[in-house]
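Q: Sequence:
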Amino acid sequence: MRKIVLQENESFDESMLERDSAFDAEALKVATDIVDTVRKQGDEALRSYSEKFDGVTLGELEVSEEEIEAAYTAVDEDFIRSVEYAADNVTEFHKRQLQQSWFTTRADGAITGQRFTPLERVGIYVPGGRAQYPSTVLMNAVPASVAGVDEIIMCTPPSKDGSVNPYTLVAANIVGVDRIFKVGGAQAIAAMAYGTESIPSVNKVTGPGNAFVAAAKKLVNGDVGIDMIAGPSEVCVLADESSIPEFVAIDLMAQAEHDPKATCYLVTTEEEMLPEIEAALAELLEQTPRREITEASLEHGLIVVCKTLTQAFEAVNVIAPEHLEVDMSDPWELLGSIRNAGAIFLGPWTPEAIGDYVAGPNHTLPTGGTAAFSSPLSVDDFVKKSSILSYSFDALEADADATMTLAAREGLWSHGRSVDLRLQFMQYVQEQLENANNDECGCGHDHDGEKSE
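Just so we're aligned, residue 1 is where the sequence shown starts under our numbering, counting upward by one.
Keep in mind that the hints were calculated from the coordinates and are not lab data. Take the hints with a grain of salt, since some may be wrong.
Said to hold, decoys possible - Straight-line Cα separation of at most 16 Å, EDC-like style, residue types lysine to aspartate or glutamate; simulated pairs:
| # | residue 1 | residue 2 |
| --- | --- | --- |
| 1 | K3 | D13 |
| 2 | K218 | E26 |
| 3 | K3 | E14 |
| 4 | K261 | D223 |
| 5 | K307 | E241 |
| 6 | K307 | E271 |
| 7 | K3 | E270 |
Stated by the list, open to error - Simulated restraints, written as ranges between beta carbons of each label pair:
| # | residue 1 | residue 2 | range |
| --- | --- | --- | --- |
| 8 | A74 | I111 | 54 to 60 Å |
| 9 | D88 | L58 | 56 to 62 Å |
| 10 | I111 | W413 | 25 to 31 Å |
Glycine residues also receive a C-beta, built at the ideal position from the N, C-alpha and C atoms.
Taking the hints into account, I'd like the entire structure generated from these sequences.
A: Below, the structure written as structure tokens:
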């Protein structure tokens with residue numbers, strides 16, 4: 001891992017990160033061709049890309065009920081219980097995110113408010129490749145289900161024999177995914193965005209993927225909603241003299257084993273403990289079956305040695321990591337110093353892995369520093385908000401002058417006139433009512449204190 005030692009009063013700068021983008025120009029070019037082809041050719045393009053990229057010739061693109069039933073016979077009971085346990089925790093956490101529609105009434109009768117409506121259909125993408133991720137199914141499908149989405153479809157790459165990983169299928173079935181398709185990569189994003197003969201179009205696409213998936217999501221964004229453009233995974237461990245070197249080492253490795261491009265950061269005020277952490281890494285790397293991937297990731301990791309806690313938290317907030325582990329004494333006391341992080345893990349007994357699977361919070365998190373302005377996937381991603389307005393005439397009259405003034409300054413004549421016409425209409429109605437009342441009276445007076453001639 002690369003090391004930076006900050007001097008007294010030196011600030012950590014973003015240029016020190018040497019971050020890669022979530023995708024490159026080549027990925028965007030390839031994804032553009034794929035998205036355009038799928039949009040024009042539908043299922044034919046999907047089958048062609050499956051042969052080209054996945055090495056499989058597909059008949060039906062949709063996973064059948066029989067395949068789902070067979071998946072249950074291929075997985076163990078411990079896995080099923082674990083998925084159900086995790087799903088319960090994730091569901092309970094996300095239920096707390098539900099928001100109620102609300103309305104408020106002014107004294108003059110104006111009613112304003114906000115209504116929350118679930119999306120009708122969403123598509124979740126679950127990557128394959130180096131590993132299978134049934135946990136990704138939970139983290140995308142559960143908040144959609146809690147939000148009240150009508151239909152959840154899922155795309156995931158097939159194996160070379162045309163099957164889908166049974167653990168992924170079982171997880172999807174447990175959490176209520178309605179339809180599953182054997183399609184991966186940028187072509188899956190295009191299919192969900194625009195629809196094909198087999199795959200219906202959706203309102204929003206969520207889920208992580210490689211650079212081509214990220215590029216495809218960028219391309220379809222605006223035609224459909226997306227959750228985020230996710231880059232390689234990240235972890236930042238914040239360590240002090242109380243940290244256990246083996247814990248720091250294994251938690252760095254737990255993120256590094258995802259992908260050679262995953263990035264690991266270690267921020268510490270204790271330079272003298274680095275040899276112990278390095279020794280722990282060396283020992284643990286001897287044991288992991290994913291050593292090649294893990295080492296490749298750690299090679300471009302970064303250690304930031306700080307003189308003070310203030311420097312350390314400044315560095316963390318510049319990094320704005322996807323995952324932040326505060327492996328320090330009194331972590332709750334330090335929470336207020338953290339401004340930018342996707343998920344924050346406090347204390348030595350809270351490894352990032354617990355959040356990946358069962359704790360409840362979502363593990364779909366902003367990467368690449370976007371935690372400075374983005375949030376984890378949540379129920380909010382699966383609902384839309386509508387503003388509600390209902391004015392009485394008194395309320396319209398109260399707001400009329402300011403509305404017409406602003407419209408005039410913007411040169412929007414019809415805007416102002418739409419208010420003015422209503423005022424004039426009400427004035428006309430009131431005059432007609434007064435005339436009618438005078439006619440009905442028949443007393444020979446105009447009701448202004450003068451006798452009529």
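Q: Next, verify each hint and record whether it holds.
A: For each hint, the structure was consulted:
At roughly 14 Å between alpha-carbon atoms, K3 and D13 fall within 16 Å of each other, so this suggested pair holds. Our distance criterion of 16 Å between C-alpha atoms is met by K218 and E26, whose separation comes to about 14 Å. Under the criterion of a C-alpha separation no larger than 16 Å, the hint pairing K3 with E14 is consistent with the structure, at around 15 Å. Under the criterion of a C-alpha separation no larger than 16 Å, the hint pairing K261 with D223 is inconsistent with the structure, at around 30 Å.
Straight-line distance between C-alpha atoms of K307 and E241 comes to about 13 Å, which keeps the hinted pair within the 16 Å bound. At most 16 Å may separate the alpha-carbon atoms for a hinted pair to count; K307 and E271 meet this at roughly 9 Å. Simply put, K3 and E270 have alpha-carbon atoms about 13 Å apart, close enough for the 16 Å limit, and the pair holds. At roughly 56 Å, the beta-carbon separation of A74 and I111 lies within the given 54 to 60 Å, and the hint holds.
Separated by about 35 Å at the C-beta atoms, D88 and L58 break the suggested range of 56 to 62 Å. For the hinted restraint 25 to 31 Å between I111 and W413, the CB-CB distance of approximately 28 Å keeps it satisfied.
The structure fails hints 4, 9 (numbered hints given earlier, in ascending order).
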